[in-house]
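**Q** Take a look at the letters that make up each chain.
Number of protein chains: 2
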Amino acid sequence: MSAGWFRRRFLPGGPLPAPGPPGPRARPGPRASPVPYRRPRFLRGSGSAADASRRPDARPVRSPAQGRSLPWNAGYAEIINAEKSEFNEDQAACGKLCIRRHEFGAEEDHEWQVLCPEEFLTGHYWALFDGHGGPAAAILAANTLHSCLRRRLEAVVEGVVAAQPPMHLSSRCVCPSDPQFVEEKGIRAEDVVIGALESAFEECDEVIGRELEASGQAGGCTALVAVSLQGKLYVANAGDSRAILVRQDEVRPLSSEFTPETERRRIQQLAFTYPELLAGEFTRLEFPRRLRGDDLGQQVLFRDYHMSGWSYKRVEKSDLKYPLIHGQGRQARLLGTLAVSRGLGDHQLRVLDTDIQLKPFLLPVPQVTVLEVDQLDLQEEDVIVMATDGLWDVLSNEQVARLVRSFLLGNREDPHRFSELAKMLIHSTQGVEGGPTGLMSYDDVSVFVIPLHGQGQGHSGH
Amino acid sequence: MSAGWFRRRFLPGGPLPAPGPPGPRARPGPRASPVPYRRPRFLRGSGSAADASRRPDARPVRSPAQGRSLPWNAGYAEIINAEKSEFNEDQAACGKLCIRRHEFGAEEDHEWQVLCPEEFLTGHYWALFDGHGGPAAAILAANTLHSCLRRRLEAVVEGVVAAQPPMHLSSRCVCPSDPQFVEEKGIRAEDVVIGALESAFEECDEVIGRELEASGQAGGCTALVAVSLQGKLYVANAGDSRAILVRQDEVRPLSSEFTPETERRRIQQLAFTYPELLAGEFTRLEFPRRLRGDDLGQQVLFRDYHMSGWSYKRVEKSDLKYPLIHGQGRQARLLGTLAVSRGLGDHQLRVLDTDIQLKPFLLPVPQVTVLEVDQLDLQEEDVIVMATDGLWDVLSNEQVARLVRSFLLGNREDPHRFSELAKMLIHSTQGVEGGPTGLMSYDDVSVFVIPLHGQGQGHSGH
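Taken in sequence, the protein lines are chains A and B.
For the record, in the first sequence the residue sitting at position 396 is 396 according to the working numbering, with numbers rising by one throughout.
For the record, in the second sequence the residue sitting at position 247 is 1247 according to the working numbering, with numbers rising by one throughout.
Please keep in mind that the hints were generated in silico from the structure rather than gathered at the bench.
Just so we're clear, the structure is a prediction, and the values are computed from it rather than from any experiment.
There's no promise every hint is true.
What the hints assert, rightly or not - Simulated crosslink set (BS3-like; lysine-lysine; CA at most 30 Å straight-line): (1) A/LYS317 / A/LYS359; (2) B/LYS1359 / B/LYS1321; (3) B/LYS1321 / A/LYS313; (4) A/LYS359 / A/LYS321; (5) B/LYS1359 / B/LYS1317; (6) B/LYS1313 / A/LYS313; (7) B/LYS1313 / A/LYS232; (8) B/LYS1313 / A/LYS359.
As the list claims (entries may be wrong) - Have a look at the derived ranges for each label pair, beta carbon to beta carbon: (9) B/ALA1214 / A/GLU184: 41 to 49 Å; (10) A/PHE272 / B/ARG1210: 46 to 54 Å; (11) B/ARG1252 / A/GLY297: 41 to 49 Å; (12) A/THR262 / B/LYS1359: 24 to 32 Å; (13) A/GLU398 / B/GLY1293: 30 to 38 Å; (14) A/PRO275 / B/GLY1293: 40 to 48 Å.
Stated by the list, open to error - A short, non-exhaustive set of chain B residues, derived as facing chain A with CB atoms under 10 Å: (15) GLU1086; (16) PHE1087; (17) GLU1158; (18) SER1170; (19) ILE1187; (20) GLU1190; (21) VAL1193; (22) LEU1197; (23) ARG1284; (24) GLU1286; (25) LYS1317; (26) GLN1328; (27) ASP1374; (28) GLY1410; (29) GLU1413; (30) PRO1415.
For glycine and all other residues, C-beta sits at the position ideal for the given N, C-alpha and C.
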């Protein structure tokens, strides 16, 4: 499998460099032994997987993932960074996910790790992080989240590999009918993977909070992760990046965006439950626009946390405060500050000139969707497209799908076609090559194109 | 339009009576003047719409809707009560919804109401209420909810009839760009109807709370309401009844069920936010089964409010408490007591032998879905089926759709075919007439069959 990854900071008129040659492991095969995972290099020119194990020289933050020899292999995927600095707010990571099975006991630890690599449960991991307030959180997330996930999966690996997760870990069955209770609740192995993804995001968020505080830095980032494991693709999203499945006759969203607008009810409800979070400076109610003095006493359209429809209320003085969520669409802001409502970091973020914290309103928890890859009749051209919001601001799912189909059908022989496709998608947002909308993205844009063919055939099994 | 409504309490082997002849207004036309709305009579035999304006002799509760001359007309629909007492826990209501337009000022009130009926905005209303802990709440809801809705719609009727709701009621435009703000927020007339339905459910819940307290009665009920208005069908649901659209080549759910299982995260989160609601007697965590002493110290599967997946935790003593939500499927109970998580009433309901209240965990707010009836190419056999959970426990949506299609195609000439269809659906749950599943419902079952043909052609316009 190869994955094309491109990202760029928009430079008006600046041509994208051609991608470098694929690394020696651009097509993955089983690895004889795990090698340390590395973030992709951040070059201004082109890079390939051959360079991926070289540690970048400078790090803006100290990451707990650094210096550890993780059972990861980033070498199988072709990763090319186009025109981004190492300190860009968009960051990414991908690699092979090797999860130790615990049955052998800790004493065999090192030897077993070297001699019995086939006893790893292996999968693949792709992640995009879109930072704000600086690159620090995104860089930490790219360095950390995969190891949080690996640890969480290893802690519950018995539940992941079983046909049905055991009620008790280590199979200390207390009640003979325990499997029946698990079955009646409909608990499947994939629910344990989902739980591991959820807790990995939370753990990573805590790590970022500690690290940023220790280094006196700030910032936050969205996180979009795809994990291929045991014939399924898990897509975990916290923020406004997006993943879609593109096939010949199907376009399927694999994630939803989490913004102040899409999470309005949750955010308003939190302010209703803990009004002190607004410090008397904001109103939790939503109005069509910010109210003014001459609206006082009139009946205006409004929504509260428990409403999906709209009603009218008589305007009181407290309604004139700045709204908890203001603006619409891409302009919508939480507490006048943030455009996303889920993500990692932002522990220190406060509303300008106040002591009002953003963090209580932000969730690090992702929403996870599961694609049954092994149930699909996969074709060569079936891919997942993962991208930060810069792409989706300019192109709809359908437009991306049309570009994907026509590009792949026209480039059947090119061994780099998935990387080229990622580059072409980014080009389409830059007002070059006659993009389908004529719109341009002024945001960072990062794209993974992940071919699915081969995934559903036990490729990422034990 | 005619609507067939059937309900019965299961009596083993008891044959259903044949329906009576249709009332004179079984096919509705415009009414010259509004007549008081009445709940359908509760007869052991058959009734028809001709009887519907006769007030039932006995009322178990005092209803604020009684004695009022509401601009309603229940006469257009054929309503037949099969083998249920007036005090059954299932209750229903249907009628014409006449919403006064406010432009004329209050002084013209009575005269205008008589002389200018065409200035009503008219629609149709159907409602099913499935009571628990006695019929009192369901009877109150059947008597009250339609008038709450009418009042709420009249209060915002300007927003309902406009192409785009005005930001300010009474068109006192403060800012010239107000319509633009409303448009940017995507606020449509249907959002104002949804808001009216939401607030009507809340108001009705408050009325039921006051009335039950005043009369020393108890109980609660689910509520499923369909409203046909201006070419759209609004389905508002709070509880575990269900409405589906059945067409020749389509079955579309129009509601979701609200049970302790489907609302687990909301319920657990409330207990996390206000742990005092559990009075130290319950654990908010979900486990595959109730834990016991010998689970202590082991790692078991669990879920908390922020998780959609499952993980493992080490069992502590507090985890041995009774679970906030216990059991699965139809057996799932909130605080060991209730099988639904939304509905009206239950203000006094407490966990047996404790002071723990159920009400904080119950929402009266419905979820509203909108069917664009005027966008459908309607056929004679296109219907909405609304039914209480007794039907859906035994028949799937697809099974109901198959029964609907084959019955209607085989009974094209029968003027009572929609009523007969409702009766047949109930028969299918009673183990008679060779029901498709062989399953039997021991619950009350109530069914509306609403033919859609004619609805999308301005039939229920102003």
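**Q** Evaluate each hint against the coordinates.
**A** Right, here's what the structure says about each hint:
no., hint, verdict
1, A/LYS317 / A/LYS359, "holds, 27 Å"
2, B/LYS1359 / B/LYS1321, "holds, 21 Å"
3, B/LYS1321 / A/LYS313, "violated, 44 Å"
4, A/LYS359 / A/LYS321, "holds, 21 Å"
5, B/LYS1359 / B/LYS1317, "holds, 27 Å"
6, B/LYS1313 / A/LYS313, "violated, 47 Å"
7, B/LYS1313 / A/LYS232, "holds, 25 Å"
8, B/LYS1313 / A/LYS359, "holds, 26 Å"
9, B/ALA1214 / A/GLU184: 41 to 49 Å, "holds, 43 Å"
10, A/PHE272 / B/ARG1210: 46 to 54 Å, "violated, 24 Å"
11, B/ARG1252 / A/GLY297: 41 to 49 Å, "holds, 44 Å"
12, A/THR262 / B/LYS1359: 24 to 32 Å, "holds, 29 Å"
13, A/GLU398 / B/GLY1293: 30 to 38 Å, "violated, 58 Å"
14, A/PRO275 / B/GLY1293: 40 to 48 Å, "holds, 42 Å"
15, GLU1086, "violated, 34 Å"
16, PHE1087, "violated, 32 Å"
17, GLU1158, "holds, 9 Å"
18, SER1170, "holds, 7 Å"
19, ILE1187, "holds, 5 Å"
20, GLU1190, "holds, 8 Å"
21, VAL1193, "holds, 7 Å"
22, LEU1197, "holds, 7 Å"
23, ARG1284, "violated, 16 Å"
24, GLU1286, "holds, 8 Å"
25, LYS1317, "violated, 16 Å"
26, GLN1328, "holds, 5 Å"
27, ASP1374, "violated, 19 Å"
28, GLY1410, "violated, 37 Å"
29, GLU1413, "violated, 41 Å"
30, PRO1415, "violated, 37 Å"
Hints 3, 6, 10, 13, 15, 16, 23, 25, 27, 28, 29 and 30 from the list above are not met by this structure, while the remaining hints are.
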